[in-house]
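**Q** The lines below spell out each chain.
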Amino acid sequence: MTQPSLHPFTWWLWAIGLAVAIVRFDSTWFTLSCVGVVMVLVFRLRDDAPWAKSFDWTLKLSAWILGVRTIIGITIGVPIPGTELFRLPVLPLPTWMPGIRIGGVVTWERLSSSLSEGLLICSIIVIFGAAASLTSPHRLLRVLPIYIYEFAVAVVIATSVLPQLVGSVKRIRLAQRLRGENTRGFRSWKRVAIPLLEESLARSLDLAAAMDSRGYGVSKKRSRYRPISWRLKDSLVVILAIGLVVIS
Amino acid sequence: MIKFSHVSLIYPNSTTTVLEDLNLTIAEGELVLVIGPTGSGKSSLLRLINGLVPHHTGGILAGDICVNGVSTQMTKPGGMAHLIGIVGQNPANGFVADTVEEELVFGMEVLNLPNDVMRKRVEEVLDLLSLAALRNRSIATLSGGEQQRVAIGAALVTHPKVLVLDEPTSALDPIAAEEVLSILHRLVHDLGLTVVIAEHKLERVIQFADRIVYINGDGAANVGTPEEILMQSPIAPPIVHLARALGLKEIGVTVREMRRMTTHLREAIASHPVADSQKPTETVISFDKLTVVYENQTALNNISSTICAGEIVAVMGRNGAGKSSLLKAIAGVNRPGTGVIKVLGDDPYDLQGKKRREAIGFIPQEPSDLLYGQSVSIECAQADRDNELAAGTTYEVLQQLVPGISLSTHPRDLSEGQRLGLALSVVLSSNPSILILDEPTRGLDYEAKNELTRMLVNFAAAFGKAVLLATHDVELVAELANRVIFIADGDIVADGTTLDVLLSSPAFAPQVAKVVSPQPWLRVKDVVAAIEGMQ
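Heads up: the sequence lines are chains A and B, in that order. Residues in the first sequence are numbered consecutively from 1, following my numbering. Residues in the second sequence are numbered consecutively from 249, following my numbering.
Looking at chain A on its own, in the form it has when it is part of the complex:
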């Protein structure tokens, strides 16, 4: 980014505002347009730091959730009457499970309601994923008040180690591909997950030890070398989000 970046709280406040507005509006079109705006913002504003790249994975994750949510939504549950799209075979269930049905008629109403519910969940994931990728976790640490320091350490570790994992995943998959292994499909993920978990644990411990031995949290007051100031444009972004909440 060429222009000086916003205050680290700005995007998080904005994300909270947007999420509240989306839930209160509960309109598919509003949700879709919000997600669209968020994606445009992230792809235009993010720099090439590791946490910025995590947004791609947020998108993949939410698409996966949407898919799973929709499939479960149309196969399990109470039938909604309406236009019939297609018919699935009904799975016979024991009599002590009345009212639950697996398979059967899939109606347009049912599909659209599953989709819109799934979309709601995904939009919130995408919005907070965007806030995480637009805010440097290190800058966030600098503005968090010191008395919540244990919480702050956890936040910093989670937000700085997890995105670094994206890089590690690439490295490990590469190494395993060079070993001549299949790196596609679900099974290959188990092979990535184990080295990955171990590495992330080691990294988190390292970071926590480093922060500890540099005296983080010892003094309840913290001086500022270059204070991160709250500027007009931060207020504008937050007011915009509050405005959305108010009109919703």
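I should point out that these hints are in silico values taken from the structure, not numbers from a laboratory. Careful: at least some of the hints might be erroneous.
[Unchecked claim] Using 20 Å as the maximum straight-line C-alpha spacing, the simulated EDC-like pairs for lysine to aspartate or glutamate come out as follows:
#, chain 1, residue 1, chain 2, residue 2
1, B, LYS324, A, GLU84
2, A, LYS53, B, GLU543
3, B, LYS697, B, ASP774
4, B, LYS697, B, GLU687
5, A, LYS221, B, ASP364
6, B, LYS409, B, GLU543
7, A, LYS190, B, GLU614
Let chain A serve as the given structure and place chain B on it in line with the hints.
**A** For chain B alone, coordinates are given in the frame of chain A:
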């Protein structure tokens, strides 16, 4: 300054004591080096100093450690922050800020120092470590040596009395390592800073050390001057092995001392012609006009060469010169921008599955990336299955490489050297024609390195296979390689026999060569052979 009195340490779920009844007093302004085999507890000893062990890691500690009168029993690591600066094994994992300047001030901010003090100290540290040009750079974009300097700077801004460093040069090229160590040397002499270092590459640090703590791994520890400890220690730099091989009464720990002691030797022996190794014939790897570009950065610039069967080729160069890019291009990670790579006549990018395993074995920088089994036996069985081998073949290879590994051990619990051995045996079980290793010696002690040398030399000589490795470790190259490709800024600047390339630059010359210069010997055994040849 630092006082260990009757310190014993044992970790939970472990049957061996790391330290037993250690008594050690380190005076102000001393530079103490901690050595020992991998996994012997060097890091534990360092982390005891500021109380990270046991406050952070758990473990049972008996005895007392006092730093400047403050006992770690009563004070947590955070409370020692103004006294002790600590730089971890992998400084990149400990960074808490995005830019160099923010990282430097972090320690002062959390100690709540006033702004005018911070400003003065930042400038002071920037100058001291020559970081001024980097002050606004993002830490993620720095090279390994620069990151190490930033980490040292971040530890120094709080004006600690003690600086503790865990393997500060293991990831650095010889020149960057030299730079970091000379800064430490200056801090000790100008500011009276007390420094404690753990390091495997003794040849780099030994000349700066005032005293050595040798940890055995079974709880025992010896403390003494470098000469005393190195007289008997199995862990010793090549220069000491040279003194022992020559039967000198005293040992020198610096090149200068050794040169004085061996004047007669250099003059007595006429230049011994080096036996010409037979020219290998069969080409296994060739690359022609190879260019690799990453996001506007040219990693490799129009380079061409060939590698033959039976050769052990070391790829050397500064951090970020393009070594890894070359190895990855040959291993077939991406299709190169322009140019042709042929491995056994095929484009490596197209190799898949079994065919790939039989052509190229690749050991990445982190050998554990290849391992995902919950035990050594699962790992070996998986490799057997992948390569359609009889059950137990991989374990046999492992037994030859690193004897005595239990089948039920979890790969994480192995030492660095054992883990490398396991990854190597998994890769070698498919009998590849080419073996590629990316910086295999990070964190390896001398014994593990000798082991690796023996394995690779056997692999190349006995089966006529090619080995290609990227490394910073000059001593390893001298022992192992018969050819060196030197890369700078994406260009091949030198390509020739190990002898020619290593002797042409003092920074990359191994210790033995520096001692016996102008005689063209790289290894202790070359010198011994020359003397025997004369008699």
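**Q** Which numbered hints turn out to be false for this structure?
**A** Those not satisfied are hints 1, 6.
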